[in-house]
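Engineer: Listed below are the residues making up each chain.
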Amino acid sequence: MNPLLEKIQLNTRRHFLQNCGVGLGMGALAQLMSPDAFGLSAPQNPLLPRAPHFAPKAKRVIYLHLTGSPPHLDMWDYKPELGKRTDQDCPDEFVKGKKFAFTSGTPKLMGSPRKFAQYGKSGMWMSDAIPHLHEVADDLCVINSMHTTQFNHAPAELFVHTGFQQPGRPSFGAWTTYGLGSENQDLPGYVVLISSGTQPNGGKNSYSAGFIPSVYQGVQCRSKGDPVLYVSDPPGMTRGLRRSSLDALRDLNNQAAQKFAHPETLTRIAQYELAYRMQASVPEVMDIKKESKATLESYGAVPGESSFANNCLLARRLAEKDVRFIQLFDWGWDFHGTREDTSINKSGGLVKKCATMDKPVAALIKDLKQRGLFDDTLIIIGGEFGRTPFREGRTSKGQLLGRDHYPDCFTMIMAGGGVKGGHVHGASDELGFNVAKDPVHVHDLQATWMHLLGFDHEQLTYRFQGRDYRLTDVHGHVVKDLIA
Amino acid sequence: MDEERVILWEKTYEKAPQREAIESLDGATTARFARATASYEQNNFTVDEAIDGKQGQESGWAIAGGQGRNHYAIFELKDPLPGGVLNFRLVQNYPNHAIGKFRLSVTNAKNPALAFSQSLTSILDKPTEKRSPQEQKQLLDYFVKQGPATQRIREQVASLRNQLNQIKPSATVPMLKEVVEANRRESFIHLRGSYLSKGPIVRAGFPSALAPKLKNIDTPNRLDLAKWLIQDDNPLTPRVTANRFWEKIFGIGLVATSEEFGAQGELPSHPKLLDWLATEIVAMDWDVKAFLKLLVTSDTYRQNSHVTDEMAAMDPNNRLLARGPRLRLSAEMVRDQALAVAGLLSSKMYGHPVKPPQPNMGLKAAFGSGIDWKTSKGEDRYRRGIYTTWRRSNPYPSMATFDAPNREVCSVRRDRTNTPLQALVTLNDPVYVEAAQSLARAMKTRGNSPAEQLEKGFEICLSRNPSKEELDRLVALYEEVRSDYSKDLELARKMATDPIGPAPKDSNLADLAALTVAGNIMLNLDEMMMKR
Chain A
1 MNPLLEKIQL NTRRHFLQNC GVGLGMGALA QLMSPDAFGL SAPQNPLLPR APHFAPKAKR
61 VIYLHLTGSP PHLDMWDYKP ELGKRTDQDC PDEFVKGKKF AFTSGTPKLM GSPRKFAQYG
121 KSGMWMSDAI PHLHEVADDL CVINSMHTTQ FNHAPAELFV HTGFQQPGRP SFGAWTTYGL
181 GSENQDLPGY VVLISSGTQP NGGKNSYSAG FIPSVYQGVQ CRSKGDPVLY VSDPPGMTRG
241 LRRSSLDALR DLNNQAAQKF AHPETLTRIA QYELAYRMQA SVPEVMDIKK ESKATLESYG
301 AVPGESSFAN NCLLARRLAE KDVRFIQLFD WGWDFHGTRE DTSINKSGGL VKKCATMDKP
361 VAALIKDLKQ RGLFDDTLII IGGEFGRTPF REGRTSKGQL LGRDHYPDCF TMIMAGGGVK
421 GGHVHGASDE LGFNVAKDPV HVHDLQATWM HLLGFDHEQL TYRFQGRDYR LTDVHGHVVK
481 DLIA
Chain B
485 MDEERVILWE KTYEKAPQRE AIESLDGATT ARFARATASY EQNNFTVDEA IDGKQGQESG
545 WAIAGGQGRN HYAIFELKDP LPGGVLNFRL VQNYPNHAIG KFRLSVTNAK NPALAFSQSL
605 TSILDKPTEK RSPQEQKQLL DYFVKQGPAT QRIREQVASL RNQLNQIKPS ATVPMLKEVV
665 EANRRESFIH LRGSYLSKGP IVRAGFPSAL APKLKNIDTP NRLDLAKWLI QDDNPLTPRV
725 TANRFWEKIF GIGLVATSEE FGAQGELPSH PKLLDWLATE IVAMDWDVKA FLKLLVTSDT
785 YRQNSHVTDE MAAMDPNNRL LARGPRLRLS AEMVRDQALA VAGLLSSKMY GHPVKPPQPN
845 MGLKAAFGSG IDWKTSKGED RYRRGIYTTW RRSNPYPSMA TFDAPNREVC SVRRDRTNTP
905 LQALVTLNDP VYVEAAQSLA RAMKTRGNSP AEQLEKGFEI CLSRNPSKEE LDRLVALYEE
965 VRSDYSKDLE LARKMATDPI GPAPKDSNLA DLAALTVAGN IMLNLDEMMM KR
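Residue numbers (this note's numbering), protein chains in the order written: chain A, 1 to 484; chain B, 485 to 1016.
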């Protein structure tokens, strides 16, 4: 083949657009943000703060993921008609042709055993399982018309966090730090806190950087052991000795920098200094002992423990230090009713589990407001899908009440940065099976999150294996009604 | 003994008897047969079973399908009989198949003829030209497998095969075996993605745009694909392959998007060079070692990697190759190199993945067991990074920090970042602390003065001698921390022994601890992390 002809043929319109400097989408920004993606040099710190596409409503995110998915019909979405029809056979139209995780045949409808009432100036319906959140009703934006495509935990969770049901894509937190960098170089930009002893369903994939540089992956911080992996000096190393040895390292590396004049050497010197500072700042921010007794009590946090309450308090401390993305995962919200602690009976597991959540979350909202952090912090609360309006099949003969996984209609909650307070968006039908008004797909919600952070979700992309990827895959529309 | 407990029969053995031995009271011995052949054998009741020592109705010679005809069997003894009276016992289990007329013949010929099967005699009765190919094959089979003329070759084959079986495999490798055509699963298009609604059957194929030649083959198999991959008029495979090796050596491919040579990828920076390399790798018969040698002995690779400001401004990523490459090692290499210079790295190959030290997280995987593991013992603790157990939902943390992909999606090319968390790994991860401790012990034995020891350590790590300034700085660090450790020997003991284990007898803990700190710094030098 004629090599000249071949070159012309290979020169597609895409190359032309890239070459003439117009760029497609975020070509130029992508290059700027992943300085070492193609090459040898890392002239810039990839976590330096960057401006988004337009003025953001929120600067940071606190994402409270209730792993397993709470029963939204017993907490947020009040369905009196469903209550009247409790124990009736579920109409065929709602189950025919659908697959459920643990239910087959004709299940029985089940209204909530919880009591609902209206709270706040907005008159928001909430159940008595979450009494502390009644107090902050006017700060919450409740979406009762969520729907997703996945009905099993791991894919649904990955879908919410990465926009795709299979592992391997960058998570929302990774996209956020990739797009915005971090305002505090002494702490990781994307911090993950895990409570109730079990990882999220997707393991580290639920907070990974996928195929974008690993510097954007979530860093798990812990209240026991090393707060961040390897942040503690080894046994026998004091802070003073560490300082002395790092001074020597810096001097030696400076000699290398002079010899090779390689920009990455200078970056490395800087990274070791950052690491040294991180060794001090991470344990400090993770230590809640210095919080006042009143604050500890308001969250229900106990120093030295590992709990969702402690993690909520830590979230505020990290937000205060300008950490960009704070991701909490709390295990144990999978209310099938197979055991006492996963039942939603009157005094069953739901009340106990909610007590570990609603108090710290209400305290977090109040605390952020009091410290002036509420308005530019986007708070997200929810699971990976909803739960069925009928009783789960496996447990239908027992005493314990439970609900199966349900993707077609569920509730997510937002608060803070740029989000309408005291607002209920969308509605389910009278039995809670389908979205009746203003549906919000997971990709729509993700597009809205990106918008609140100042990004056009279609423009924040990363090229991998020849394709520009984004959080919302090829979908998503910003839901303007959620934005203040 | 009889009922009165009077001894009737007694025999003393010179050797302990075999597990099972039959003794006859009158001193008779049982003849053992080495081989049996017969003119006819029923399926599953071959004549071999008449001499296999097993009793009962399930083991014996039978002739179903051949009733009413003459049959004979020849039994060869294993060892010659001493002489005397021969007793024969005939057991017939099936009355319908009982022998009508029975005759016994005995010979003392050394190699008695073998029984000739009826089916063969019937073939031999035909004139040669009337035998069907199948019948000819039957005769040939007999000649090869049983004919006396091939006996010697058969024995040779058996002995060689026996030798071959003696050679134990040094490693087992999982094998992929193709399912025979008839047993293959049928695959369908699932309509609208539902596994319940099956559409038309689909078969293995290959995009015809990529490989037009494969289009003419009805159902191309892996062999066809493999042949297409490396056939002479397919330039893609050698280009892609050459580019990947180039990327490994130079840090960036001639086509920067080494995973994507299509319209979505970048054009090559040096198209002619790429084509030349592609033809070279084919000319070398795909010899990877020779090809890598070609790359690393090139003038381009051996250039100085010093970057001038001008170069950095004009060509920050060295796409024009005006200087030698300088790039950070991969996650696995960073770890393996630290273990190697410390003298800890195990060169053991193959086998199951191992579990080097990793921090306990105290967490369970969702619907699974704990994610913590028990560290492997012995040299498995120090195996190369590629042997590390990899759980995709929980990749080995220190490698994930150094940009090892989590292996959820195929990654041809890795990013290389430079972060404070990486610094924390190589400073504090017990794997690296242990390496520093081991390096310290090695240094201690390689010189008399601290300066000599540090010089040696530096040389082990960087394969070059330190400059005077470098050595002076290391000695200054050594003196400074040594004076601290000599005031607190418990602290020194921790630094020098946790986690590697007790210090050698009579060693000076302050010295060892100071060398450990110096070793820790050497393992963190920029030059350690970078290949140039």
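Treat the hints as calculated values from the structure; they're not laboratory data. Check each hint, because a few of them may be wrong.
Short, incomplete list of chain A residues facing chain B, as computed with Cβ under 8 angstroms [what the hints assert, rightly or not]:
hint: 1; residue: GLN150
hint: 2; residue: HIS153
hint: 3; residue: PRO167
hint: 4; residue: TYR230
hint: 5; residue: GLY236
hint: 6; residue: ALA256
SDA-like cross-link-like pairs, simulated, lysine to any residue; straight-line CA separation at most 25 angstroms [stated by the list, open to error]:
hint: 7; chain 1: A; residue 1: LYS98; chain 2: B; residue 2: LYS839
hint: 8; chain 1: B; residue 1: LYS928; chain 2: A; residue 2: LYS98
hint: 9; chain 1: B; residue 1: LYS614; chain 2: B; residue 2: SER523
hint: 10; chain 1: B; residue 1: LYS1015; chain 2: B; residue 2: PHE672
hint: 11; chain 1: B; residue 1: LYS839; chain 2: A; residue 2: ASP341
hint: 12; chain 1: B; residue 1: LYS848; chain 2: A; residue 2: ASP341
hint: 13; chain 1: A; residue 1: LYS224; chain 2: B; residue 2: ARG875
For glycine and all other residues, C-beta sits at the position ideal for the given N, C-alpha and C.
Engineer: Have a go at the PRO167 (chain A) hint: is there a Cβ in chain B nearer than 8 angstroms to its own Cβ?
Structural biologist: Since chain B brings a Cβ to about 4 angstroms from PRO167 (chain A), closer than 8 angstroms, the hint holds.
Engineer: Please work out if LYS848 (chain B) and ASP341 (chain A) have their alpha carbons no farther apart than 25 angstroms.
Structural biologist: Since the Cα atoms of LYS848 (chain B) and ASP341 (chain A) sit roughly 18 angstroms apart, the hinted pair holds (cutoff 25 angstroms).
Engineer: Decide if the proposed pair is consistent with the structure: LYS614 (chain B) and SER523 (chain B), CA atoms, cutoff 25 angstroms inclusive.
Structural biologist: The given pair, whose Cα atoms are some 22 angstroms apart, holds under the 25 angstroms limit.
Engineer: Does HIS153 (chain A) pass the interface hint, meaning its C-beta sits closer than 8 angstroms to a C-beta of chain B?
Structural biologist: 7 angstroms, holds
Engineer: With a cut-off of 8 angstroms, does the beta carbon of GLY236 (chain A) approach a beta carbon of chain B closely enough for the hint to hold?
Structural biologist: 3 angstroms, holds
Engineer: If you draw a straight line from the CA of LYS1015 (chain B) to the CA of PHE672 (chain B), is it 25 angstroms or shorter?
Structural biologist: 50 angstroms, violated
Engineer: Please verify whether LYS928 (chain B) and LYS98 (chain A) have alpha carbons no more than 25 angstroms apart.
Structural biologist: This hinted pair is violated, its Cα atoms lying about 71 angstroms apart.
Engineer: Would you mind confirming whether the straight-line C-alpha gap from LYS224 (chain A) to ARG875 (chain B) stays at or under 25 angstroms?
Structural biologist: 23 angstroms, holds
Engineer: With a cut-off of 8 angstroms, does the beta carbon of ALA256 (chain A) approach a beta carbon of chain B closely enough for the hint to hold?
Structural biologist: For ALA256 (chain A), the interface hint holds, since the closest Cβ of chain B sits about 5 angstroms away, which is under 8 angstroms.
Engineer: Let me know if the C-beta of GLN150 (chain A) comes in closer than 8 angstroms to any C-beta of chain B, holds or violated.
Structural biologist: Given a least distance of 13 angstroms, the restraint on GLN150 (chain A) is violated.
Engineer: For a C-alpha distance cap of 25 angstroms, please report whether LYS98 (chain A) and LYS839 (chain B) respect it.
Structural biologist: 43 angstroms, violated
Engineer: Holds or violated: LYS839 (chain B) with ASP341 (chain A), Cα cutoff 25 angstroms?
Structural biologist: The hint is violated at about 35 angstroms.
Checked against the numbered hints listed earlier, the structure breaks hints 1, 7, 8, 10 and 11; every other hint is satisfied.
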